[in-house]
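Listed below are the residues making up each chain.
2 protein chains.
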Amino acid sequence: MQLRVPGPTPCPDDVLQSMTRQMVDHRGAEFMDLAQRVTRKLKGIFQTQGDILTLTASGTGGLEAAVVNTLSPGDKVLSVSCGVFGDRFATVAEKYGAEVVRLRFEWGKAADPDQVHRMLQSHMDIKAVLVTHNETSTGVTNDLAPICRMVKEFDKLLLVDAVSSLGAIDLPTDEWSCDVVISASQKGWMAPPGLAMVSVSQRAWEAERSATMPRFYFDLNKAKAFLDKGQTPWTPAVPLFYALDVALDGMNVEGLPNIFARHSRIASMTREGVKRFGLSLFADEDYASNVVTAVKTPEGMNVKELRKLLKEEHGIVLAGGQQKLSGHIFRIAHLGLVNEADMEQVLTGLSLALPKLGFSPDKTL
Amino acid sequence: MQLRVPGPTPCPDDVLQSMTRQMVDHRGAEFMDLAQRVTRKLKGIFQTQGDILTLTASGTGGLEAAVVNTLSPGDKVLSVSCGVFGDRFATVAEKYGAEVVRLRFEWGKAADPDQVHRMLQSHMDIKAVLVTHNETSTGVTNDLAPICRMVKEFDKLLLVDAVSSLGAIDLPTDEWSCDVVISASQKGWMAPPGLAMVSVSQRAWEAERSATMPRFYFDLNKAKAFLDKGQTPWTPAVPLFYALDVALDGMNVEGLPNIFARHSRIASMTREGVKRFGLSLFADEDYASNVVTAVKTPEGMNVKELRKLLKEEHGIVLAGGQQKLSGHIFRIAHLGLVNEADMEQVLTGLSLALPKLGFSPDKTL
Chain A
15 MQLRVPGPTP
25 CPDDVLQSMT
35 RQMVDHRGAE
45 FMDLAQRVTR
55 KLKGIFQTQG
65 DILTLTASGT
75 GGLEAAVVNT
85 LSPGDKVLSV
95 SCGVFGDRFA
105 TVAEKYGAEV
115 VRLRFEWGKA
125 ADPDQVHRML
135 QSHMDIKAVL
145 VTHNETSTGV
155 TNDLAPICRM
165 VKEFDKLLLV
175 DAVSSLGAID
185 LPTDEWSCDV
195 VISASQKGWM
205 APPGLAMVSV
215 SQRAWEAERS
225 ATMPRFYFDL
235 NKAKAFLDKG
245 QTPWTPAVPL
255 FYALDVALDG
265 MNVEGLPNIF
275 ARHSRIASMT
285 REGVKRFGLS
295 LFADEDYASN
305 VVTAVKTPEG
315 MNVKELRKLL
325 KEEHGIVLAG
335 GQQKLSGHIF
345 RIAHLGLVNE
355 ADMEQVLTGL
365 SLALPKLGFS
375 PDKTL
Chain B
15 MQLRVPGPTP
25 CPDDVLQSMT
35 RQMVDHRGAE
45 FMDLAQRVTR
55 KLKGIFQTQG
65 DILTLTASGT
75 GGLEAAVVNT
85 LSPGDKVLSV
95 SCGVFGDRFA
105 TVAEKYGAEV
115 VRLRFEWGKA
125 ADPDQVHRML
135 QSHMDIKAVL
145 VTHNETSTGV
155 TNDLAPICRM
165 VKEFDKLLLV
175 DAVSSLGAID
185 LPTDEWSCDV
195 VISASQKGWM
205 APPGLAMVSV
215 SQRAWEAERS
225 ATMPRFYFDL
235 NKAKAFLDKG
245 QTPWTPAVPL
255 FYALDVALDG
265 MNVEGLPNIF
275 ARHSRIASMT
285 REGVKRFGLS
295 LFADEDYASN
305 VVTAVKTPEG
315 MNVKELRKLL
325 KEEHGIVLAG
335 GQQKLSGHIF
345 RIAHLGLVNE
355 ADMEQVLTGL
365 SLALPKLGFS
375 PDKTL
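Going down the list, the protein sequences come from chains A and B. If you use the numbering used here, the first sequence corresponds to residues 15 to 379, in order. If you use the numbering used here, the second sequence corresponds to residues 15 to 379, in order.
Careful: at least some of the hints might be erroneous.
Remember, identical chains collapse to one label, so a pair may be satisfied in a single copy or spanning two.
[Said to hold, decoys possible] Each computed DSS-like pair below joins lysine-lysine, with the alpha-carbon atoms no more than 30 angstroms apart:
#1 LYS310 x LYS166
#2 LYS289 x LYS322
#3 LYS166 x LYS318
#4 LYS236 x LYS109
#5 LYS166 x LYS289
#6 LYS90 x LYS236
#7 LYS318 x LYS109
Treat the hints as calculated values from the structure; they're not laboratory data. Note that the coordinates shown come from a computational prediction; the quantities given were computed from them, not determined experimentally.
Full structure from sequences and hints, please.
If you want it as structure tokens, here you go:
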């Protein structure tokens, strides 16, 4: 099976096998070693000296933790969004009472740092900026560095949704002064879903001290106090810690620069392959994501049928479009455990499936 | 290893092995079947026709979900607590702005239904009652049936923490008119931690419609809407669903009455064994829990040393006391995957370890 949706991504065998290990006491020495070892390795991939808390939750739980631990009801925040996940981050903040100024970019385009600058200039009372690094719903990776610089120039708190980018696309947390960065185990990490990893800068801890949004399960201060003794406040998903531990070893063997280069290479290969078929990319190619490629549905084709055919005849699982993009795009993920041979298989499958649904690949194929 | 802490509990081999299965698309047909099958089986163990939502979170996340989906800030709630977990449930409600009337019982004693009755009579404006079925911190199981009858007599919403009881101690959700019942996968279910299961009655859904506490990750209405199409709103911990699915099959093979009887039998055996040593039980024996036995630390003994010795020399992992009970008790869990031979081993280990720390087992041994 070629599982090519943007999470859950496939796990290596040793990661899956690690979960057959029996449970341990989460207040005992084995878990202490495990939690501290995983945290140390996470810091390498996050490129941070700050704290990292690992929560038993999916990425959305991590977004909620970022918001409720740093903000108070009534705080004005700027949401920089170019898709479903940017909108979700903003909605979390709104649900907890923040006043959200939504800076929306056309889906398929990246956020424009100049517009972010103008918003920060015209809303001096903004406390924090929420931004998505990689927008999975449209296949766009925002140019995060200049946005970070700008947010810091205006001395604002910077919360970054890096759920689908971290460990696959370069994001030097400390160098770019990101205050809270959120990722999730089922994306670039090659581990199963169920853990959200959240980095917290000193500045974010300062914000935490005065933040009044209600929180209990996602209380990061409590998570930090327990991590200091190698524990979590609530019972952790032990097998997922086993899995992440092994997955991180795999990442360290490959090395971050090689991981980034592999994702870049396979993304190019995917885009070129798709274009050779005469299909069109949905995302602005200057900001096309290295972890997921969104492809416009050919005129008149039913995406559900295409996905069904690919799955049943070729064992290839692709994602459809979300919300208003449903039916209009399909998405090929190349995130985490993926190599050139995998993507060859996907492209071959597509080249065979498309004509069966009435689309003739371009003659140049 | 005899892992005898009240969660994580040991998992059967087939449950552990199930997690080596590769990830699947959580928006696809396989996960749909899995989610619906697991939900169907959960309803049997919960003894409910109502809804059950399975959240990627530990039990505490389930407690939070129960509170924030049914209450509004300012709502008056009655907390019936006889230990750490009862207090925690109350604190969750307080953090989100409820006005909590705390009815506290001495640790080691059970909640007195008459006192619950008096509180309900003197606070007619109470909207909901929070009660813990099995208080793991003290080894007490509350007599839930009369409390439920009383809460319903006063027509209040009834939220039950059954994290450590469900699937081990009888709790007929519908028959006892429980509105929200919370459990967690690492307890009686013989599955790993990371999933919270929450049942929701029609009455709880009515409360949900007007409840204004903020919620996003734990939004049960959204969870229900997605479950109706065999999905979860956010990426679920897929391997834990695999595990719970297999664990539920094991429970159904044994059958609920047999499971309850086994827990009852092994609990009696544990209590008798401990008393034969001349040790004292911490909990009121009339309400002693069938899933965990709290034992008073013999005068002058260091619990940490006892636990260390048991672990290192006998491979037995017991729990200490929590909060003000730290040092004063140790706890032997007999929850989930446990049989007489396991408990024989634990008792034998204790009989060998205790004298080494200066305690002479009673002559009657």
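Verification of the supplied hints:
Taking the shortest alpha-carbon separations for LYS310 and LYS166, neither the intra-copy value of 36 angstroms nor the inter-copy value of 56 angstroms comes in at or below 30 angstroms. For the homomeric pair LYS289 and LYS322, the shortest alpha-carbon distance inside one copy (22 angstroms) is at most 30 angstroms, but the shortest distance between copies (64 angstroms) is not. For a Cα distance limit of 30 angstroms, the shortest separation of LYS166 from LYS318 qualifies neither inside one copy, at 44 angstroms, nor across copies, at 48 angstroms. Taking CA atoms no more than 30 angstroms apart as the test, LYS236 paired with LYS109 passes in both settings, with 22 angstroms inside one copy and 14 angstroms between copies.
When the C-alpha separation of LYS166 and LYS289 is checked against a cutoff of 30 angstroms, the pair qualifies neither within a copy, at 39 angstroms, nor between copies, at 65 angstroms. Within a single copy, LYS90 and LYS236 get their C-alpha atoms as close as 25 angstroms, and across copies as close as 26 angstroms, so both meet the 30 angstroms cut-off. When the C-alpha separation of LYS318 and LYS109 is checked against a cutoff of 30 angstroms, the pair qualifies neither within a copy, at 33 angstroms, nor between copies, at 45 angstroms.
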